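Asker: If you want the building blocks of each chain, they are given just below.
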Amino acid sequence: MPEPKPKKTLDLNRREMPKQPPEVRRHNFDEVALGYTVETAIEEARRCIKCPAPKCVDNCPVEIDIPGFVKFVAEGDFAQGIKILKQKNCLPAVCGRVCPQEEQCEETCSLGKKHGQIAIGRLERFLADWEATQGEPEIPEMAPTTGRKVAVIGGGPAGLTVAGDLIKLGHKVTIFEALHKMGGVLIYGIPEFRLPKAIVGREVEYLRSLGVEIVTDFVVGKTRTVDSLLEEFDAVFVGSGAGLPWFMEIPGENLNGVYSANEYLTRMNLMAGFLFPQFQTPIKRHKCVAVLGGGNVAMDCARTALRLGAESRIIYRRSRQELPARLEEVENAEEEGVIFEFLTLPIRYIGDENGWVKEIECLKMTLGEPDASGRRKPIPIEGSETIYPVDAVVCAIGNSPNPLIAATTPGLELGKKGNIVADEQTGKTSRDRIWAGGDVVTGAATVILAMGAGRKAARSIHEYLCSL
Amino acid sequence: MFKVLEQRMIVPNIHLLRLEAPAVAREAKPGQFAIVRATEDGERIPLSIADWNPEDGTVTIVFMNVGSSTRKLAALKSGSSIPTVVGPLGNPTEIGLYGTVLCVGGCYGIGSIYPVARALKAAGNRVISVIESRSSYLFYWEDRLESVSDRLIHITRDGTKGYRGHVGRLPEIIKSIEEPIHRVIINGCTFLLMRGSDVTRPQSIPTVVSLNPIMIDGTGMCGVCRVTVGSVTRFACVHGPDFDGHQVDWAELLQRRKMYITEEVVPLRTSRCEEHAIRS
Ligand SMILES: Cc1cc2nc3c(=O)[nH]c(=O)nc-3n(C[C@H](O)[C@H](O)[C@H](O)COP(=O)(O)OP(=O)(O)OC[C@H]3O[C@@H](n4cnc5c(N)ncnc54)[C@H](O)[C@@H]3O)c2cc1C
Ligand SMILES: Cc1cc2nc3c(=O)[nH]c(=O)nc-3n(C[C@H](O)[C@H](O)[C@H](O)COP(=O)(O)OP(=O)(O)OC[C@H]3O[C@@H](n4cnc5c(N)ncnc54)[C@H](O)[C@@H]3O)c2cc1C
Ligand code: SF4
Ligand code: SF4
Ligand code: FES
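From first to last, the protein sequence lines are chains H and Z. Once you know that position 120 of the first sequence is 120 in this note's numbering, the rest is easy, because the numbers rise by one and skip nothing. Just so we're on the same page, this note's numbering is the position in the second sequence counted from 1, plus 468.
This is chain Z alone, in the form it adopts within the complex (with noise of 0.2 Å):
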């Protein structure tokens, strides 16, 4: 069992959860993550690993409410604990000395990309973050980011802080930085994901995405992360989760994410009541 030190919603409907999980926090690298189950009968999920302490053996996540497993991770309390944290799985995000990087990241991604951040940063690069939500109230850990960063940049869907709208104006923020940008890091939802990938396209700019495709075993052991990327099928969970943003197949990817979208409802709605009596 692995022990809940703290959960909390830091911004409406993301979650910040801190858990004791020493073997996975030694080895930990950015980019990486873990499958995590939340009760003994529950789905193995996989969650990036947004920040770790091999002294104190934690390890912290962050992680959006979308369905039935997010669902039992929100409603966690501090102290409790929780079957499995498996980890850290997939490749560490590449880290070299590349000149100029932008590290993308939108909803979840603000936190996982913050490791890669303050990674490159130590490599020695300039690193200009920018993180996207629908307002100006969904930001979090922004000082953090700060902190590592040359430069901190927003978007938010209604104006609120910085661009407004969405990861397509990525195109004018990257003029407007008036250096050549040597590389973009994506974190966060497909669909970030994808448009980033687009608008880097036309000007080359090397792009590095972190995907979430579906996953059980996060080993190479089921094949369920399949996702093609350059007209070659690879797993995301050994052969990624980063991939070359410009070789996915991200209509694909789209489609296998969908896959258990009837099944996901069930529970939903069945859960509901139980969880009410957990609460209570």
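Bound-form chain H, shown alone (with noise of 0.2 Å):
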């Protein structure tokens, strides 16, 4: 831990964050990065200028006053610092530990040109931490009960968010999640090693304890329709995500070994595989894993592979300039020993003769003109074809939303890419009393902005109530 420094020697330098060292954590499920101490966060906080029309604040998509609770941490009033911060987040553990700040808040940090930005992520997720070492959470100011009664599909961040808001409303709340567990992507998706679940249960229960009635093994168009929980409730939110795996569609993808990434990373999380057989389902030992993609979720598969013992290999098809990951945790998994190889695209599984994946083909790439989505689109090398040899291949190259609720609920507008079309500003879908937000509308996003569309559609869900 570094020592805090003298405060006569005034730092101006944004404060690292400790981490286990990557040798040592690339063979563990424990949290890669350890937080601040109260010293350093305390150090980190004082660097704020306090700006008066604060950029910060603008580019965080639930509006957060930032320098409002930064100046709680700098004064070490860790309590009020916090109350600050929850009156926007219900789930600033979460966002501290997994927003992609330097895109968000602190991108328009007005420090970023001079000593770095504001570390505004690793200040919530101290308070948030901090807070959790203080005992029962304070129970926020509650309005009087409405009597009005709204279903929250789907446990992820979205329903959370509006699970959370509502509540404080005074509305009745229920929650329906299709899995035996609270937390969406959170819980099933992101490895414990960058989200501790514990973390992500604890602020479960804490909208548990405002009323919040949580109903899991539910599958919303399965066990009942949307249509029949419109008779029972005023309103219904939709916040289902973006499931439904995308495979390559190239030969051999049905062979054994080849994972879609939710397959491998729901083994891994919900279901605890990596305590196999502690805990009963089962996950293989592979050797050699390739992971095909470039996102955050390619990241975690090719960190958890690492970490179970495997050599680790990303295949992506541009080049390290155009990975969609976080570039933090493109550089962990380059610590980690995670090998890349860019500009590579699969075209072909091969088996072995029990039916196993034991190669994978790829061709090389060059980069072309920009395509549509700004980025240089790549070009197969002819005659490059590479083959590496694998024993498992996790694909992690895209979810979309999953049809179930779309399919049975009639009258829901819908988009190209199957995801539920809903208004921007209010989350009001093509259906009166239903509202949707989050992944299952914009496809696979951000934690933040799957909160974001949450509040959104709260705050419209709650006039449209106040109206009946």
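Honestly, the hints are just simulated from the structure, not real lab data. Do not rely on the hints blindly, as some may be mistaken.
[Stated by the list, open to error] For lysine-lysine, the following DSS-like pairs were computed, each having C-alpha atoms within a straight-line distance of at most 25 Å:
#1 Z:K589 - Z:K497
#2 H:K149 - H:K114
#3 H:K181 - Z:K629
#4 H:K197 - H:K19
#5 H:K287 - Z:K726
#6 Z:K589 - H:K358
#7 H:K50 - H:K114
#8 H:K88 - H:K172
#9 H:K168 - H:K88
[Said to hold, decoys possible] Covered stretches of chain H, as calculated for chain Z (at least 3 residues, CB under 8 Å):
#10 177-188
#11 221-232
#12 259-265
#13 454-466
Keep in mind the model is a prediction, meaning the values are calculated, not measured. By construction, the Cβ of each residue, glycine as well, lies at the ideal position given by its N, Cα and C atoms.
Since each chain comes alone in its own frame, lean on the hints to assemble the complex.
Answerer: Below, the structure written as structure tokens:
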């Protein structure tokens, strides 16, 4: 732990957060980043110049009063700090860890050009973690009950936000979640070493303590339709995420050992496969894993495979510059020893005599003109076939919304990719009394955007309920 | 938590499990399944819904004790609870007026074909049920099947009841029926489904099979249940579990089902002592 520097020689630079050393952490599932100490948190917070028109706030999708909470950290009044934070964000311990701060709040921080942006995410995490050590969280002020009932579909960040906001406004809220655990991607997707599951569990318990009713093992569209819920509830919010995995659609994809990222991560996280056989979801101990894709999901899969003792390789068709994953996670993966094959496109899986994948054939690519996404389009180089030996492949090339709810809810307008169409400002869908937000509307995006969408929808639902 | 109302072995190695799961019971249709977890740290396994009662909110499952999770279910006592019963999942079996339908069931499929036969009968079909097992003492629910079938035909490996052999004798059975068969529906282990489809193919009788690949979520999220049907990849949990038996890539399905064979053996060995402890 770095010693707090004496005050006289005030250090203006951004404080680093200690991490487990790469050679240690690649063998365990414990959290990589260790968090600020009280001293470093205060030092970091003191750097904030409290801009009168703070640009950081403009770029936070849930509009946290950043200079406000940072000021209290600087003063060492953490209880006040967390209070301000929680006015706008019901999942600070999560956002402080997984928000892409470099493209959000911190991107626009005025200190960026000089000594480095204020580490807003780290301070947020610090406060949330501090609160967790202070016993039961304080129950916020609750509005008197209104007698109105809202059904929230999906226990991911979007659903949790809607539930948290509406319960405080006095409405009765029930969350219906398909899986046996709440949290959505926070539980079944993002691995333990980036987001400890206990943190998500704590946030869910907090909502429960506020009176949110939680029904797990309930698949809306199957166990009950949205229309049937509308008979009992005044409003429905759909926050069912983007859970349908894409595959490459190349030969050999159904060989054993070819996983979707969802399957691989679910076995590891939700079913605690890394504790097998104590938890009885079987997971193979692979020796040589290839992960296809370049986003956060791909990084998580590759780093998980590494921790299970495999040689782990990312295969990505563009170059390092175009990687959509957070830079911090790319660097973490590189430090830990994940091998990157850039400009490489898988074209075929090759199986052994028992139907297990043993090799993956790829083409090398070169970058051409920028495409619709503004990134340079990869073009295959003829005759550049390369074969990599593997005993597992994880396909992490994307997800789209699960059609289950759309298919069982007549009149719900859908976009091209099967996403539910909802108004950006209110979350209203084409159907009366149905709101939607998060990945099910935008396609796979981020935790904070899902929460932002949940916040707006909650506001609109509240207006509607008050008009009744 | 879901209450276990009844759990007992009905014939050697095959168990009946009756659960209190009102939400599932309210919506269940023939051919659908539920995903069940026996313990908080246990895996999620798919099991067909063999019967249900929307009035008292109960769901009945028939399962074969084959591995670590079904072993845990087999150790459940009435009055205990299990953490997960989610469903009804998958598409219901298509029930139409076809004419004469052969409902074929083996092992757990004798149970799960029952509601299918019942619905087909109610829809006005002539229903002939064919059940298969190693020996006559392994049949169960014969009275139930009889009550919804125009005829009940047995096949036993050892010849102790009905035809001797296995589902391969289906062509003779069809011949002996002396009336056109308009549809065959098969529930049970993968071999039964595959062999059954093989024998109806030459006669071009539409054949529906209820596939049972490995599953995790049962909602289309993980893709582990993918099967190739008519050279297209389908997710059995959301596009099935019923498929055209003449279009299924059986070799692939059998291979995918074996995926975790070595891993499954580990808990089987390690969980024994623990379970003895629970029992005593
Ligand atoms: C591996 C991985 C790593 C990621 N890393 C980051 C990161 O570092 N930073 C970041 O900001 N974002 C990250 N993301 C993206 C982020 O997690 C998602 O954008 C976010 O979780 C979306 O929230 P949501 O509430 O819309 O949906 P989800 O989190 O997907 O939650 C939807 C919930 O609805 C449930 N559900 C679905 N259908 C039904 C139904 N019919 N009935 C009942 N319940 C249903 C699902 O089971 C699920 O629990 C990552 C995603 C993955 C997969
Ligand atoms: C849609 C669907 C419906 C199903 N309905 C039923 C049902 O109603 N009753 C029922 O008993 N099972 C049913 N199954 C199969 C059931 O899910 C598996 O038997 C179960 O997952 C086995 O879990 P386990 O942990 O006990 O065994 P595992 O430890 O997973 O397997 C142990 C060993 O048994 C083998 N095995 C597993 N299942 C079977 C099987 N069905 N037949 C032959 N060998 C097998 C495995 O290959 C493995 O070698 C269904 C499957 C699906 C997909
Ligand atoms: S929620 Fe995310 S974007 Fe908003 S301040 Fe916190 S870290 Fe920044
Ligand atoms: S922009 Fe940066 S320096 Fe200004 S208030 Fe926000 S965090 Fe503080
Ligand atoms: S079981 Fe996961 S997609 Fe079918």
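Asker: Can the restraint linking Z:K589 and H:K358 be considered satisfied, given a maximum Cα separation of 25 Å?
Answerer: 49 Å, violated
Asker: Holds or violated: are the alpha carbons of H:K88 and H:K172 at most 25 Å from each other?
Answerer: 20 Å, holds
Asker: Tell me if the straight-line CA distance from H:K287 to Z:K726 falls inside 25 Å.
Answerer: 19 Å, holds
Asker: Given the hinted pair H:K181 and Z:K629, is their Cα-Cα distance within 25 Å?
Answerer: Measuring from Cα to Cα gives roughly 47 Å; hence the hint is violated.
Asker: Is H:K149 within 25 Å of H:K114, Cα to Cα?
Answerer: Answer violated: H:K149 to H:K114 is near 50 Å, above 25 Å.
Asker: Would you mind confirming whether the straight-line C-alpha gap from H:K197 to H:K19 stays at or under 25 Å?
Answerer: 18 Å, holds
Asker: Given as covered by chain Z, does the region 221-232 of chain H meet the bar of three residues or more with CB within less than 8 Å?
Answerer: holds (count 3)
Asker: Given the hint that H:K50 pairs with H:K114, does the C-alpha gap stay at or below 25 Å?
Answerer: The given pair, whose Cα atoms are some 15 Å apart, holds under the 25 Å limit.
Asker: Z:K589 and Z:K497: Cα distance at most 25 Å?
Answerer: 14 Å, holds
Asker: State whether the coverage of the region 259-265 of chain H by chain Z holds or is violated, taking the criterion as 3 or more residues with Cβ-Cβ distances under 8 Å.
Answerer: holds (count 4)
Asker: Under 8 Å between beta-carbons, do enough residues of the region 454-466 of chain H, three at least, approach chain Z for the coverage claim to hold?
Answerer: Answer violated; 0 residues pass the 8 Å Cβ test.
Asker: Can the restraint linking H:K168 and H:K88 be considered satisfied, given a maximum Cα separation of 25 Å?
Answerer: 12 Å, holds
Violated hints, in rising order: 2, 3, 6, 13; the structure is consistent with all others.
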